[in-house]
Amino acid sequence: MATGRIWSLPEIMLRCWCIPTEPTERSVRRRVPLQTSNNPRSLSTFKNDNIYTNCSVKGARSAPAPLPKSPGTRTVSAFQRCGQSFNIGRFTVGQLLNHLPVISLLILTCASCRPTSSEPLFTMPDASATGLDFVNELVETDSFNIIRYLYFYNGAGVGAGDLNQDGLPDLVFNANQSHPRIYLNTSETSLHFEDISTELGLDTIQGWGTGVALADVNGDGLLDIYLTQVGNYKNFRGHNRLLVHQGVENGRPVFREETEAYGLAFSGLSTQASFFDYDLDGDLDMYLLNHSSHRTSNYGRSNLRLEVDSINGDRLYRNDLDRSGETLKTGFTNVTRAAGIYASRIGYGLGIAVSDLDNNGYPDIYIGNDFHENDYLYWNEGGRFTEGITDAVSQTSQFSMGVDIADVNNDGYTDIFTLDMMPEEENIRKRSVGYDPYNIFLFKKSYGYHDQFPHNHLQINNAQGRPTFSELAAFAGIESTDWSWSCLWQDYDNDGDKDLFVSNGIVRRPNDLDYLNYIANPLVQEGASDLDLAARMPSGKVPNYFFLNDSELQFSKVEGLSPPSISSGATYADLDLDGDLDIVVSNINEQVFVYENQANRQPNNHYIRLKLVGEGGNPFGIGASVLIRTADRTISLENFPQRGFMSSVEPLLQTGLGGESVIESLTVRWPSGKTQTLRQVPAGQTLEIREAEAEAGQAGGQAATKPIFSPLNAIVDAVHKENTFNDIEREKLQPQLYSREGPALAVGDIDSDGQPDLYIGGARGQSPRLYRQENGTFREMQPGFWEQESAYEDTDAVFFDVDQDGDQDLYVGSGGNEHASEHAALIDRIYLNDGSGHFTKKAVSGLNIRFENTSCVRVSDYDQDGDPDLFVGSRVDKISYAAIPPSYILENNGNGNFSQRSTPLGMVTDAAWGDIDGDGDDDLVVVGDWMPVTLLINNGDGFAREELPDSEGWWRTVKLSDLDRDGHLDLIAGNFGTNTDIHPTAQAPLQLRVGEQYRKVYMTYGNGNAVPSANELVKQIPEFKKDFSTYEDYAQLNADDIFGDTRFETRKVTTFETAVYFNNGSGTFVRQSLPRSAQISSTNTILVEDVNGDGRKDLILAGNELHLNTRLGKKDASIGMVLLQKADRSFEAVHPARAGLDLKGMIRKAAKLEVGGNTVFTFAPNDGAIQCYKLTE
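Numbering (the working numbering), first residue to last: 234 to 1410.
I should point out that these hints are in silico values taken from the structure, not numbers from a laboratory. For every residue, glycine included, the Cβ atom is placed at its ideal position computed from N, Cα and C. It cannot be assumed that every hint is accurate.
Listed below are the simulated DSSO-like cross-link pairs for lysine-lysine, each with C-alpha atoms no more than 27 Å apart in a straight line [to be verified]:
1) K939 / K1407
2) K1330 / K1407
3) K907 / K677
4) K939 / K844
5) K939 / K1377
6) K1347 / K954
7) K677 / K1377
Computed spacing ranges between beta-carbons, pair by pair [as the list claims (entries may be wrong)]:
8) N593 / S361: 48 to 56 Å
9) E785 / A1116: 36 to 44 Å
10) G1200 / N1126: 32 to 40 Å
11) S543 / Q918: 46 to 54 Å
12) A1058 / D1094: 38 to 46 Å
13) Q1133 / T1073: 19 to 27 Å
14) H1056 / P1182: 33 to 41 Å
15) F1018 / P1137: 31 to 39 Å
16) D1096 / A1116: 25 to 33 Å
17) N1297 / Q1133: 31 to 39 Å
18) H1056 / G987: 37 to 45 Å
Construct the complete structure from the given sequences, taking the supplied hints into account.
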């Protein structure tokens, strides 16, 4: 997010979207924070009934109580500055479940952090030693400040590159209110720089500076400098500057400004420029990233992005330079619209990164946009771009800031990382504007905007053709780094894995809720100056963040990186040429930070440094990619220097190699298409590689793999179409929509011809469909009859012989969570088969007429009387989320009528029958929300209930299979997954406190200190308003302070992991977690199949949960997962490119059936089309 979240008045878009605007030059009075009735203004001490807020307080944990990070993160050594160790802050990980359930309170207690190491990776020499005394000094006045210019606190960029050709990287800093600065690196043995700005005439450059880009614009082998500025807006009169390198004299670079001559003197709201060869014609073109002024006319439907604005919106300039003579004949040409680039006033561009994401040889572009506008992902299709963010990623950061692209997981495919402004500290969240309420989230979608959530996003490349991406920031534990600006992926410790640096901080927090309430007072608006208002915003100084990559997307947060600061632009370079990468950070009102890397002191880790020498107009080989293979890993790199935030890294490639001293192969792919491969390359050197020595068509790149699965055309044309019903609007704090549990999917031979047939249920208002297979094709049966059943929401179905007449009848469960009373649409149905595949509806009297939301139906002759019986489970009560709905065992009396026994098992999602104890009769395993894995052991006279220890979860599905072939049925249970910032354990469970006194639900966690947001709490229980008068007061309260500990019963969750429970045959089970990558999303359905023919049973997982409360986001990272069982009973996850699955949407059901002699794996998503695959031959 940008800065300056000041609220405007009555525009409905602003009121609904919780987004501020800047005052115009004519109107600079105070802006009022707006609140809608969705979250009533509850804490303000100002009693103006006409002022509302829809902003809820985020997070919930009192300041003294630390929480650990996710299992994917840990805390390691402090950094050192001038020989002293900084231990800054505590490492918190939990995030408050801010928008969850209606009768309860949740508390997650967390374990302590993992141990730390004592050896620092970085030291921080000060300016007296380095000579880097640059300060981006920011002075606020009453005529120029955050109130008047939205991006006043954004800071400026820094660039690294060898400007005087001595082999040492030099530094360039832009500045907001002073002139830019150039520092020459003067020592190879120690970090020391000389400021040569004045002698180069840089003190004559005035204006509000922003970004820095170093690039060889004219192809002469020298790095030029492009500085972006803000101009042509209010009192800003600057324009972007191109300083063209004229050569080196007496060890000093000489520059001449030639901006106008080159056609790059844009004057507008520029953030940064990126130079790369988009059309592969051999020279560097320029993408200019611009931000926007924040005016009310920017809020409308998404087609605003099709308009063109003169000072806002991005630009693409094609390099048409012709220097064949003594003078420059032509410069750069604006090809923005012709190339397919948006240039509108709603482009709030703050971050840009370039990469060949789809591996087609052409560079693609990712743009991070602030506020409501989508991020842009421009696919390069041979020199023209197609924007495709909504197809490629399912969600983005809401207030996207810095962007970087790198191969984070070393699979050979580049991934995308965007920063937002979600605080890690919960007491800050509780005082800050955060997630949109669900109805506002839907409102934005209705205007054409993509799904956005205000936290960092890590988009992992699924590596299939034009790729899709899986969002895994919470899974990796890097989703919340506070008010973050620059992100830089690099291998800082030389172990071969890419680590992450994040710059942080803002002068003041304009999204503070107490501040917004303060300026809502009309008296304040009339009397306070801009500086008075700004002074009421709390300080936003926070430490910068650093994460070490522990592989498998697990990261260790390094504490004590530096003291709290206001850091913005950042770059990396090996400043002292010692084989490790140092970091340089530009700060507001403080001297530059230099993090001197000490990784070279770890002799067991090696490195390689690559200087690429390209041909023609691209001497630095910008856009080239490198693939390094060692004995134990593959490392991919790309040479695109502009990255992070407003900044530029040295145009070289460098990486660690871990313990490998020799590279087995190193392949370079140049933008021209040429490739070259070097073999047995010694580590520990700077290696110069020349494009002139490459050959066209030489081998390189990723080897093609034969996928396990191949897609098929759908065997039927059924498309599930979910009706529109938002049950979160009815119970605003429940964790997800329970109105989207379909479709039902059932397989059975309805005409006894030996070919499986198919039933696919409909949503309310949609007819279910029955298909009969006829020699490998499917024919829809009785469409007119099934149209009469469209009033029901089908959630599960099963074929079985209800009436014992030798054919397959059909039982269909009804649900939808739409009816809060005994509505006929909640009644389950039985359809009787006449033997030929034609069905009639059975009277409901035999079911004793149940009005519940059915979640699952399972068949077994559990009493061994020769007729099939049923278990029918229910997940949610039709009136109140946390109430336990009844589930039933329906005992068949032999003629198709049933007697029922109700059993309060819990919030049941799934069940499975099987002889678990090996005594010859079927037992029942049941799973659900807030439930342990529950066994109902059949003893002949009834069932004995047993619970597997520490197995409470948000379970989605369960299957029984003898996985290890020992004669005992094992359990495979699908859970919510760990791609979340909530990580319950047996020692620190997530707790649901159910309070009948208030009949409300509250979900919180964190050693009893986390509570609902203040607005939500007061809305649910108004009498609690007397306990606090400000958001700051509320931020200090814990659960016991507010609720006490006597009013609630407790339920809990101890794990979110999908797992296997191996049956020992002695009545006990051994839990085995499935691979970490199997936990990236919810697992809703499981198939067991030997997919590789080795005789061992493998697993196919599918799921996702797209309609969670906005605090939980979207759990949709899965495109289907294949797990291969190994000889030791463990499972190995298959990379998506090898698995071959690309499942779309929220998969609810899966089935395997024989079609025309082939085994077809069929997957049924909610609100989508059937998807089919086969094993690759």
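Can you give the numbers of the hints that this structure goes against, from lowest to highest? 3, 4 and 12
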